[in-house]
Amino acid sequence: MSKKAGLLSGARNFLLALSGFASIVVAMLTIPILFLALKGASAVSEALRTEALKAVALSLEAGALSATLSTIFGVPLAYILSRLDFKGKGLVESILDLPLILPHTVAGIAVLLAFSSRSPLGSALTPLGLRIEDSFWGIVLAMTFVSAPFAVDFSRRGFDSVDVDLELVARSLGASPTRVFLTVSLPLASRAVATGWLMSMARSISEVGAIMVVAYHPTVGSVLVLEWLAIRGLRAAAGLSLILLVASLAVLAGLRFLRWFR
Amino acid sequence: MIEVRGLHVKAGGFDVKVERLMIGRGEYGVIMGPSGAGKTILLETIAGFWKPLEGKIVIDGVDVTKLPPERRGLSFVPQDYALWPHLTVFENIAYGLKARRVPEEEVKRRVLEVSEVMGIRHLLQRSPKTLSGGEMQRVALARALVVEPKAILLDEPLSSLDAKTRESIKDFLKELHGRLGFTALHVTHDPIEAAELGDRIAVMAEGKIVQVGKPSEVFGRPESLEVAWLTGRPNVIKGTVSDWRGGVAVVRASPGVDVVAIHRSPLREGERVLVFVMPEDIVVSKTPQQGSARNVLELHVASVEDKGPLKLVKARKDGVKLRALITRGAYEELGLTKGDRVYMQFKASAARVVPLKA
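Protein chains in written order, with the numbering used here: chain A, 1 to 262; chain B, 1 to 358.
Don't take every hint at face value.
Said to hold, decoys possible - Derived contacts from chain B toward chain A, CB cut-off under 7 Å, selection only:
{"no.": "1", "residue": "PHE49"}
{"no.": "2", "residue": "ARG100"}
{"no.": "3", "residue": "PRO103"}
If you are wondering where the hints come from, they were derived from the structure by calculation, not from laboratory data.
From a predicted model like this one, the values you see are computed outputs, not experimental measurements.
Quick reminder that beta carbons are idealized off the backbone N, C-alpha and C, glycines included.
Here chain A stands alone, though its shape is the one from the complex (with noise of 0.2 Å):
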């Protein structure tokens, strides 16, 4: 038992009063979960088609890869925000806090505008095969500028829970910057990398707007979550739900995974 267990010890109302706003928390992000997965179960039989397949496949591929987009790229710059003090340091937090706060559609939209096909940049990109508007790249560039600032948020705080003796240690026995980032800091701030990988793949999967405003063909699930509820109605759209449900909940026994296996 820990000390912090003493803590509210002979507070018996205060303490049912705390319970009781805390289990109307729970309660409230419990019981739609258990309605879907009610209503879904039914339905799921008629919505393991083809394309609802193929859309959630499409899903965790273009998650993954975005998510791994976010990690290389995330990390360098988590290690920099980490570890320097430099000019234009807040304003660079400032632009990674701005997918959060930005709605998705209005994010896709900049994305759009910056690098469709008809924009300088897309069309230096096209030839490449790089062509945003309703292709697979165009889901992949939405979801990493919704998904990245977690990746690089998760890392940095990893890189902060490096103490920083123990890399002037490794360069005072003689081992290069490059050395010590490989051979210490990273691989102590693995964990906190992969909860980031983590982070922005669930992220990624959960993207609706900017995938609408971008790309909408070829269809993710989340879109097609959409689709099918104005086409095909409530009960087919809670079927496909559940099997992005069941992804989803892959991801956060990851999560749980990282944390537990110490």
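Given chain A's structure and the hints, the job is docking chain B onto it.
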């Protein structure tokens, strides 16, 4: 050899200026001073972690001031050892050799060799997280020494150990230095630690080195009040060994004044030593008391000062000066005034003998 010239560094809220500091090859140098003196900043600047505004750091004749830490050939051992928790003890020790691209076979041989010397061979496959403080200290030393650095830099290496381990690691360091003869620079706030380990002591206060010398010079002839205060927190009695038998030494401080002290390792008769006694270990009375104290010195009160809730009684006779901390109550009961005859008593186990190096 470590040489520091005209150094000025501003870092971590400290402003450190060092005119000159030299630690010869194979010497054990100690930077001693109170916390906040800037000792660690000086050590870290020598290691290459801070950029000085001015001045030079020369290691074995090479100006390293502009070189990054990995090209200075110095091994830094921080206060909490900073062993890498994701590597085994073996991998920790091997790290510096691998960074220097030493062939695998030789890495293995040298790690085994140094862990033999350090008495940690049985720990090689363990994770540092499972080690005791003393074991971590030995691993950190092994990791630092295995690369055969030009000098090792130790930041308060004994401060996070419990009292018993501290003593044994201190003896170990002394013995190891005697055996291997590496150059060391060791930072500490503890004057006794400095006296026991240092061939050369630099006393530091408020970002400046106020005196450098052998322990006998720094403790015996403090050049300023500052140094006297810094080195004089414990009482320091200079003397000559007149007898050593079965772990008990008798030290003659002045004609007719002998101090009895516990000292396990043998001392030669006639050997010059310093005896350290903490002011709080001294009992003051107006008549000689019966008790377990082996040392009863008859002195005259020179002054009494306020030290917060306590009183610091200074007394002297024939060149022997002692300071004792007593409670206000005891002081009032004794009714001490300047010139009074007092008896200052302390146990043989409260006195610490440090042989002076030639």
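Taking the hints in turn, this is what the structure says about them:
1. Residue-level restraint check for PHE49 of chain B holds (minimum Cβ-Cβ distance to chain A is 5 Å; threshold 7 Å).
2. For ARG100 of chain B, the interface hint holds, the least distance from its beta-carbon to any beta-carbon of chain A being 5 Å, beneath 7 Å.
3. At a threshold of 7 Å, the smallest CB-CB gap from PRO103 of chain B to chain A is about 15 Å, leaving the interface hint violated.
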